[in-house]
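Number of protein chains: 6
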Amino acid sequence: MSSSGSAISPYTSLAISHPAESITHVELNRPEKRNAMNRAFWSEMVDCFNEIAADPDCRVVIISGAGKLFTAGIDLMDMAGDILQPEGDDGARISWNIRKTIVKYQETFSVIEKCPKPVVVAVHGACVGGGVDLITACDIRLCTQDAWFQIKEVDIGLAADVGTLQRLPKVIGSRSLVNELALTARKMFADEAKSSGLVSRVFADKEAMIAGALEMAGEIAGRSPVAVQGTKINLIYSRDHSVAEGLDYMANWNMSMLQTQDVMKSAQASMEKKSPKTIAFSKL
Amino acid sequence: MSSSGSAISPYTSLAISHPAESITHVELNRPEKRNAMNRAFWSEMVDCFNEIAADPDCRVVIISGAGKLFTAGIDLMDMAGDILQPEGDDGARISWNIRKTIVKYQETFSVIEKCPKPVVVAVHGACVGGGVDLITACDIRLCTQDAWFQIKEVDIGLAADVGTLQRLPKVIGSRSLVNELALTARKMFADEAKSSGLVSRVFADKEAMIAGALEMAGEIAGRSPVAVQGTKINLIYSRDHSVAEGLDYMANWNMSMLQTQDVMKSAQASMEKKSPKTIAFSKL
Amino acid sequence: MSSSGSAISPYTSLAISHPAESITHVELNRPEKRNAMNRAFWSEMVDCFNEIAADPDCRVVIISGAGKLFTAGIDLMDMAGDILQPEGDDGARISWNIRKTIVKYQETFSVIEKCPKPVVVAVHGACVGGGVDLITACDIRLCTQDAWFQIKEVDIGLAADVGTLQRLPKVIGSRSLVNELALTARKMFADEAKSSGLVSRVFADKEAMIAGALEMAGEIAGRSPVAVQGTKINLIYSRDHSVAEGLDYMANWNMSMLQTQDVMKSAQASMEKKSPKTIAFSKL
Amino acid sequence: MSSSGSAISPYTSLAISHPAESITHVELNRPEKRNAMNRAFWSEMVDCFNEIAADPDCRVVIISGAGKLFTAGIDLMDMAGDILQPEGDDGARISWNIRKTIVKYQETFSVIEKCPKPVVVAVHGACVGGGVDLITACDIRLCTQDAWFQIKEVDIGLAADVGTLQRLPKVIGSRSLVNELALTARKMFADEAKSSGLVSRVFADKEAMIAGALEMAGEIAGRSPVAVQGTKINLIYSRDHSVAEGLDYMANWNMSMLQTQDVMKSAQASMEKKSPKTIAFSKL
Amino acid sequence: MSSSGSAISPYTSLAISHPAESITHVELNRPEKRNAMNRAFWSEMVDCFNEIAADPDCRVVIISGAGKLFTAGIDLMDMAGDILQPEGDDGARISWNIRKTIVKYQETFSVIEKCPKPVVVAVHGACVGGGVDLITACDIRLCTQDAWFQIKEVDIGLAADVGTLQRLPKVIGSRSLVNELALTARKMFADEAKSSGLVSRVFADKEAMIAGALEMAGEIAGRSPVAVQGTKINLIYSRDHSVAEGLDYMANWNMSMLQTQDVMKSAQASMEKKSPKTIAFSKL
Amino acid sequence: MSSSGSAISPYTSLAISHPAESITHVELNRPEKRNAMNRAFWSEMVDCFNEIAADPDCRVVIISGAGKLFTAGIDLMDMAGDILQPEGDDGARISWNIRKTIVKYQETFSVIEKCPKPVVVAVHGACVGGGVDLITACDIRLCTQDAWFQIKEVDIGLAADVGTLQRLPKVIGSRSLVNELALTARKMFADEAKSSGLVSRVFADKEAMIAGALEMAGEIAGRSPVAVQGTKINLIYSRDHSVAEGLDYMANWNMSMLQTQDVMKSAQASMEKKSPKTIAFSKL
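Residue numbers (my numbering), protein chains in the order written: chain A, 228 to 511; chain B, 228 to 511; chain C, 228 to 511; chain D, 228 to 511; chain E, 228 to 511; chain F, 228 to 511.
One or more hints might be untrue.
Identical chains blur together in the list; that is why a pair holds if it fits in one copy or across any two.
To be verified - Here are the computed lysine-lysine pairs in the BS3-like style, where the Cα-Cα straight-line distance is at most 30 Å: (1) Lys-341 with Lys-331; (2) Lys-341 with Lys-492; (3) Lys-341 with Lys-327; (4) Lys-504 with Lys-341; (5) Lys-500 with Lys-295; (6) Lys-510 with Lys-327; (7) Lys-327 with Lys-504; (8) Lys-327 with Lys-492; (9) Lys-260 with Lys-327; (10) Lys-501 with Lys-414; (11) Lys-414 with Lys-510; (12) Lys-492 with Lys-414; (13) Lys-414 with Lys-331; (14) Lys-260 with Lys-341; (15) Lys-295 with Lys-501.
What the hints contain is simulated information worked out from the structure, not anything from laboratory work.
Because the structure is a prediction, the values reported are computed rather than measured.
Just need the whole structure built from these sequences, with the hints factored in.
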């Protein structure tokens, strides 16, 4: 594998590295705990992506899991207090506190979507519960041949509440499949993940996948950040609006963004049959 | 086949049975008329699903067709009066009455969606016209290898008006295919139904399909009804709202619903490596 | 190939013909320029589709490209002034003018969607940049085995702003694939276009495809125009609204549209086992 | 005056009469209980307005209160069980049952809005709590000089949940006033009700108000029911949609509704300087 | 006064003049016909406002009526064919044609809203039927003491379909009043128009009103067109969207529009205590 | 009076005090600079309201201005850099940075709305520019007889972009007045502010107003915080959604919130004719 570089991370549940120019690699990094999502994770993700969003040296992000699998999902042992023993003097006040907790946890994955830099997620082995919530908030999904996905929440007595039910139906095209997965908690393996469109590529193993993710990230990082980040922002806006609203938003967006030197630089490179990756774009 | 039990039904177009605990089986039951949808059917479905929605002993529903095929669609002979000879003193009053009829018929399938219990539909042989409207309102779609689907309405001079045009594009992922099917009325067979995502599983024959449907229904019925029904309600809400709105709705939903003993019971079973199906959940 | 007939066109970038009754064939017709979209094209499309929308003799439209490929996309040489040298006394006024230009260009493809007659697009060879914007605004997409598709905009430093980012995610079911294509500008070939649902049929070569397109167009043209055009209008409305809103719209639509003789004529033909194509429908 | 005629009512909390042709008068009729809203009331309103909606002899409705005041609001004694002692095995199931109750109560006033016939409400004396929910669902509000209004819910520890918080801000123009009334539960008297736009007319006493309401109802009843009911339906649609959506809905509505003889009859009467009230319109 | 200047108009129903720099005055100009809206009017308004929208020398528009009153509304004699005798082979085709007509007429007033320059309308005497549709599409409403307003449509058997029902409830704050006016067709006089907020100023007579309109138009014309037109565009967007959507739109708008020299020029004038009207702004 | 108590504030532009139990008073506190909004203000408001939102001892907030007037609006001298000299290598990058600044400033007032505790704002003397943005985000508006309001932005060459254009039209009922104020920058005085509904009460002078604000705040603080904060949250939700959506949200909200002891306590106090202010409610 390849995530090299300064690997000194301020986080206990995540490892951050910079395997190539303009690429940030975020690893779920509690392999001895099957990368289960503990208290630290839920807040570190927010800090991590806020930092990435503000970092002009980062143009694209890769997320993957350290060790044998992507993630076993929520760390029930560590989190049980928040979920199973909420505080409050009566039913209303308990509800009020639970709601605050849910909203905070939802933000953990929404930051991925709010970050204007594209996020490629690379899954190997298990991707369970909160893992599915996480990957549906990413932009591009890759997996290995041994990967499997499970919407586990219904098995522990609750409706998934940090993103899967909201995003998965807008991520893949078969509503019957979404419902089946969410209502029965059955596992979905790599082939079905590919044919259903959850992932756009399947790799033989983790090493090949990380190499593929880096190559794809390199393609993205090599293009105009004005173009790339505007594309992400408008794709997400379009998901939640009518086509007419999306076109109006786009026109307002590009009335500014076409005033970039990147267009001229890119158009010239294109005419000279050079790759956009040869161009030095200003930071954004 | 297997739908056993009390088979005494208050309906003339539907047969209701309880093949296993917490499972209700609704059969389109005019096999001699190819399960064509007659006047009785359009109102009995509403009564039937209102009853199911209120029945604490039902946690999941299976719909299938008796006899050689699923349904030939609307029973034109029985329904012609409503559609072809609407009453009214002038064009406006005729329109007013037609609108009331359409709205009433739309409700026949919308009750499936409003019922919080998941509905698995199992299709064999023909599923024509109104049949497609019906199945797109269900949560999970299964079919046999000999099944075929046809949006027939354009062949009789009208745009489908009881759900297909509204729900099918949100059920499968290829808009080009939806448009082709709706504009040409061509048949779609089981393989394309599977690859396009309309159905999530194809079975060799009806017997295998009903067995498969019962097994899947058993998986759903064995899990917390608070979790399962909350999942259905939020999946349907999400379809029609932005991700942000869906997350907000979910937070409000679960601030109550996490206060169930089902979570504790399920979490404990999970830690003890027991299936959730071994748990006795309170009724909902 | 087959587009025969009066081929006298008022357009320089489009060739219009009438290969069969009620069918209009629009060809991108600058084969020597790889059907690149020049200034004339952007305004001629609007005129062309406004005319088609008002023409009672047209019930369905086919779009294809003359020569060796469908289209190379925008004609940068011809268009550079508009895009690269916008006028204006200050940043705000430049933006104001750019916005006007974008809105005008967006309309070039939105007219396809606003035209109530179904539009079948048949792609061979390259479909690049603006070509993808164009085809996502059509109702049914076909291609040849040698076709490929490329969202090129990010390569020239801009986010696609005339429809691809708004329509493509609603046209195919895999969001991961949409994002990958838009962010990396990689080519997608016919097989992936089919499996992802972008096209609903792939043909061996252009001749076979045009024959297939004509046959499909014939199926559509042979059915009630009240039914067909109402179907298109309601499918597009449904895309951008909730199911409940879509059903309400549909009820208002059909309270009028069921008052057509086409229903009686079609129902009678159906009972007599005749094809709807044998019926003489009034013009619409 | 007032409510004359057949006064035999199937309801215990409401008195129904027909003071003039095409006018139905609904009286809150438990004067000895200050017209407090008891269990019977909440379901009788639904039955009553469903009947009115279906009655072709009714073109307009008046609501008023029998006795010394309009209504004291919810009958806490009769309703306490539903609200204060909800059933359920755990917090989630209690919530589930409370939600069903709230949704049922919301329907009690939403039926007024769904009924296509205009509803004029005439308030004298106190209009408290549920009374405000009721009147905000009506189309036209009148009151006497001695009337006062109070959003009482916050005084008994709950946020108003059957309509006031949703409809009042769309009924009057001062948001500061809405918030003040809802957050402090202070009384608002007739003059402020008039200046804020809550009511459109104030009368000296109940007798004058009922006479005024009957005259206004007579004006409405004397006009084309196609025009009047289409106006109500479109005004309510517009409240909840953008202007563009409202215009589109309107166009679809009137493409049918202009095909009424009422237009010709009315236009002719207009040219002959006759009142529309002299015209005999067909029933709707 | 009033409208002076080049008065040569290409229109038969409208008179166009330029009473002061950057101000365009549009007069309804068939005084001998009480400015009734005839066929010419409905299309000339569209041409007129498209021209105004594109005219860099116009920064603000005044609309008023020539002669004794503002407008008597639709010219039934001239328009009767379109409305009373629509063409079509059956009910559906008649509806189809009526819809096209309504949509065309709706555009007549929507152009006022789409024009980015503010429109001040000055009403004297009668403003009936279509006149109310017109003024609700304007930005600022003024009237004389003798003005009166009437939503006349219900008197001729139809629901108002070119804007009043959609815009009036968003223009004034009392829904009870809107409903009363629309359902009874009663006249509203100047005082109630002022107290209800329909107009923001009442003048003694037409002369004073035109002078006041010109003064107000002068205030608007003297300010930065980037600021003024951006204000109108965002006010209209906000009407039809949530606050959060409106803020997002605004941020996208101003990220361009703050890059104008007008801000620096205006800020400097402000610091020097000069009126913005002393500044020479570039054209927009 | 006025703001007494611990007056030690962590802020330089705001003074925080606790004049009575459960009431927090936030004063704009740069009287020597006419409370102009400087850099510190824009971020301190966010910190201040986040703290208030989390403080269980605060149930209601009052905002007022120290010294002779409420606020002169933005402090152009202090802010000029951000607005007039944005950084960036090209037009697109400058726009990107401006957008970030606008979004940050919008948040300064949106925090008031997101805070679930009601906010009463009390205005004396001038309320200019950013001051209007601020007060429209508050829940209840009061003013003195000498107060005046001015939407100043158009005078300095820009469209108001931190809330006025989005919120004011939803705060008062006359759209003509909103447009006039925003397009001409004219002052509005206390009487018109009252009659238009911008403020709900006018007081003789500042002392009387602060006393009135405290009394009103006391009424709010004395009621159930579950009821009060749920009321605010649902009123804001309703503003931005249809009535049907608002009712659904409300039902989900109260299925939890009715499970509070506050209802029982309040109902009992009500039956005993005691004020809710005598009840000891648990903190929220």
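How the hints compare with the structure:
In this assembly of identical chains, the alpha carbons of Lys-341 and Lys-331 lie at most 30 Å apart whether taken from the same copy (15 Å) or from different copies (15 Å). Proximity of Lys-341 and Lys-492 under a CA criterion of 30 Å is satisfied intra-copy only: 28 Å inside one chain copy versus 36 Å between copies. With identical chains, the CA atoms of Lys-341 and Lys-327 are at most 30 Å apart both within one copy (20 Å) and between copies (13 Å). In this homomeric assembly, Lys-504 and Lys-341 come within 30 Å of each other (Cα to Cα) only inside a single copy, at 25 Å, whereas the closest approach across copies is 39 Å.
Taking the shortest alpha-carbon separations for Lys-500 and Lys-295, only the inter-copy value of 21 Å comes in at or below 30 Å, while the best intra-copy value is 43 Å. In this assembly of identical chains, Lys-510 and Lys-327 lie within 30 Å of each other by CA distance solely across copies; the values are 15 Å between and 37 Å within a copy. With identical chains, the CA atoms of Lys-327 and Lys-504 are at most 30 Å apart between copies only, with a shortest distance of 27 Å across copies and 44 Å within one. Within a single copy, Lys-327 and Lys-492 get their C-alpha atoms only as close as 47 Å, which misses the 30 Å cut-off; across copies the closest is 24 Å, which meets it.
In this homomeric assembly, Lys-260 and Lys-327 come within 30 Å of each other (Cα to Cα) only inside a single copy, at 27 Å, whereas the closest approach across copies is 39 Å. In this assembly of identical chains, the alpha carbons of Lys-501 and Lys-414 lie at most 30 Å apart only when taken from different copies (17 Å versus 45 Å within one copy). Within a single copy, Lys-414 and Lys-510 get their C-alpha atoms only as close as 42 Å, which misses the 30 Å cut-off; across copies the closest is 27 Å, which meets it. For the homomeric pair Lys-492 and Lys-414, the shortest alpha-carbon distance between copies (22 Å) is at most 30 Å, but the shortest distance inside one copy (47 Å) is not.
Taking the shortest alpha-carbon separations for Lys-414 and Lys-331, only the intra-copy value of 28 Å comes in at or below 30 Å, while the best inter-copy value is 39 Å. Taking the shortest alpha-carbon separations for Lys-260 and Lys-341, only the intra-copy value of 28 Å comes in at or below 30 Å, while the best inter-copy value is 37 Å. In this homomeric assembly, Lys-295 and Lys-501 come within 30 Å of each other (Cα to Cα) only across copies, at 24 Å, whereas the closest approach inside a single copy is 40 Å.
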